[in-house]
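Residue numbers (my numbering), protein chains in the order written: chain A, 1 to 115; chain B, 1001 to 1115.
Incorrect hints may have been included.
Interface residues of chain A toward chain B, partial, derived using beta-carbon atoms under 7 Å [as the list claims (entries may be wrong)]: (1) 43; (2) 45; (3) 100.
Hint data in this document are derived by calculation from the structure and do not stem from the laboratory.
All of these numbers come straight from a predicted model, not from anything done at the bench.
Glycine included, C-beta positions come from ideal geometry on N, C-alpha and C.
Listed below, chain by chain, are the residues.
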Amino acid sequence: DTGVSQDPRHKITKRGQNVTFRCDPISEHNRLYWYRQTLGQGPEFLTYFQNEAQLEKSRLLSDRFSAERPKGSFSTLEIQRTEQGDSAMYLCASSLLQGLTDTQYFGPGTRLTVL
Amino acid sequence: AQTVTQSQPEMSVQEAETVTLSCTYDTSENNYYLFWYKQPPSRQMILVIRQEAYKQQNATENRFSVNFQKAAKSFSLKISDSQLGDTAMYFCASSYNNAGNMLTFGGGTRLMVKP
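Kindly generate the complete structure, drawing on both the sequences and the hints.
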């Protein structure tokens, strides 16, 4: 049973560049979440998908951010025109919604550094 | 909206002793869930324990147990027989299914287990 995987694990980019991260959830998990974690803080919710539908987006997700989950499997998170304030760990989690409840399992994260 | 507060930024405990991490939360929901996650240094977030708010019995998982005080909106984590591998950041989190079960995290408590 493989866990949640994320690629790349580390990304260094220059301000103004675009970056894309990928998350592969646990097989057959129907929900996928993205969070952002800055140093020394708890993760903050960004967005989530149920199957291929994006159901909720945080106010933290500015118009420079876009997320997709084609075919309800892997997901990508793209940041356009990166800013230094985007430097953070981007965490992906997946879950299997059964009834009204689920438990989220996290990937190792992608650490983004914007120079 | 939910808020989660962890008032202890750092704690330490001697190996084999017991330690309790505090967490308080605020919510207007009736059906919600509470979690403790562990994040070891440079490693991914791992679920430690989960509590459904409608259950009066406190959850336990081996050496980990919670003290859930619903009226006081308190959800503390007790770690018995602390081990060196328990050294990590511990995050308290809440969710409710009317918001897609997205997690709201506290700021974390850094626990150091000393030999």
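Verification of the hints:
At its closest, the beta carbon of residue 43 of chain A sits 5 Å from a beta carbon of chain B; the interface hint therefore holds under the 7 Å criterion. Proximity of residue 45 of chain A to chain B holds as hinted, the smallest CB-CB distance being about 4 Å (cut-off 7 Å). Taken as an interface hint, residue 100 of chain A checks out: its beta carbon lies about 4 Å from the nearest beta carbon of chain B, inside 7 Å.
The earlier numbered hints are all upheld by this structure, with none contradicted.
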